[in-house]
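Chains A and B supply the protein sequences, listed in that same order. The numbering of the first sequence is this note's numbering, which starts it at 1 and goes up by one. The numbering of the second sequence is this note's numbering, which starts it at 1 and goes up by one.
If you are wondering where the hints come from, they were derived from the structure by calculation, not from laboratory data. This structure is a prediction, so every number in the text was calculated from the model and none was measured. All C-beta atoms, glycine included, are put in the ideal place defined by N, C-alpha and C. The hints are all genuine.
Straight-line distance between alpha carbons at most 20 Å, and here's what the computed SDA-like set of lysine to any residue pairs gives:
| no. | chain 1 | residue 1 | chain 2 | residue 2 |
| --- | --- | --- | --- | --- |
| 1 | A | Lys194 | B | Gly63 |
| 2 | A | Lys194 | B | Asp24 |
| 3 | A | Lys194 | A | Pro80 |
| 4 | A | Lys194 | B | Ala41 |
Every beta carbon over 12 Å from chain A, so not counted as near; a handful from chain B, in silico:
| no. | residue |
| --- | --- |
| 5 | Ala8 |
| 6 | Leu120 |
| 7 | Ser169 |
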Amino acid sequence: MTKRSSEPPNPNESVSGTARSTPAADDVRLRDSLADLSRLATGDGQVGFEDMLTHVAEFAVRAIPGAEGAGLTLFHEHGPDTVVASSPFVREVDALQYGLGEGPCITAAAERRTVRSGSLATDPGWPRFGAEVDALGVHSALSLPLIIRRDRVLGSMNVYAHPLDAFDERAAELGELFAVPAGISVQNGQALTKARRLAAQLQSALTSRAVIDQALGILMSRSGCTAGEAFEKLRVISQGENRKTSVVAQSIVDQAVRRARARNL
Amino acid sequence: MTVSAALAADLRALTDALGEPGTDIETVLRALGEHARVAVAAYLGFTLSMVVDGTPVTMTVLGETVDHDPIASSVLVPLSTAGSTIVFYAARTGAFVDLAADLSWTLGLPLPAIELDAHLEVPAADAGLTGLTELSEVNQAIGILIGGGLTPARARTELQRRADGSRMSMAEAARAVIAEATNRTD
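If we strip away everything but chain A, and leave its shape as in the complex, we get (with noise of 0.2 Å):
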């Protein structure tokens, strides 16, 4: 039996509730899911790595008959990195976990399997976790592991339900279906995103040597040292002031065209 739980009503249940769901409803679901995962995109084509993590998770509570809430972590060799959710209750649940070190997600994640509980209160897998997220009401869970090439556990997608028994066989065998192409979109942003980093963080560090060489120029044109010697004195600058080099040689070039520009007015 189903226990009624006093939560908010399943918004979905209308349509994914598993009482209703048929088959075709089902694939109907789960294709059109896959096809907003394929089209993970802003007007201006740029997409934040966390936005696009929460649209995996947000895909993947329409994918799932019976989800009421989705969300996404990323493994660190530490522990959970990065986490995000579709609705604020499924933050709660996760980071409950996070912190008693025990539940589904980890489950999945460590064991690399789908694991699915109606009952989370009673699940004898995580006995501490099931007495605190009974306070919650959620009683429903299926975590996946998202695994990509050469068998590794990237993080784990978690599907959770108010209602006891939410996710049926079904639920879970969609489920698996979904977490494969999610796995290779999250991998995929992941190695978009470090690339733009490194990207960004070579642009600025050429704009603040930029400021740099131009300052040398500026002490060159004064004595007629060398670019060596210019730098020796911008770093004597930097050490007897405290400064960093970068400010110090913003400085020199900001006086030089405050002299320049007055020159010229």
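Given chain A's structure and the hints, the job is docking chain B onto it.
Leaving out everything else, chain B in the frame of chain A:
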């Protein structure tokens, strides 16, 4: 993944110029390389390119196996509107087909904007950041001209004028300005 001594030195200098505590550009580069190695079958390396004040700057990092595993596939991905791009290389044909399709949607770009298999020659990877020396020379020359009383915009225009007038590149014109300034006696 091999980061040449020259590239490591350039990255150290740029990290110092950036001046952000806890930031090391070489670490970010290695994280990207490691992630790509896991994500792409037979991954070989990458080339990152950007244009800074009209000067092309590129860096290439290749794995140790590139000498005996020739490049069989590549993918060029635009990174931003500032003209920066990254090319990934792999030793397996078709290694980037799925990645190209995925990123095409993620970036909202038509698929041809992500170039597949157009960079199959092994790039030189023993140099540091190519273009960095030229960029430094140009900015030092601009600084010399600013020191001589020109505003930054006029300094750049003057350098370009000298380059055009002598049919030189900006870097060559910059070297001439530097030589003139450092040979002058007070």
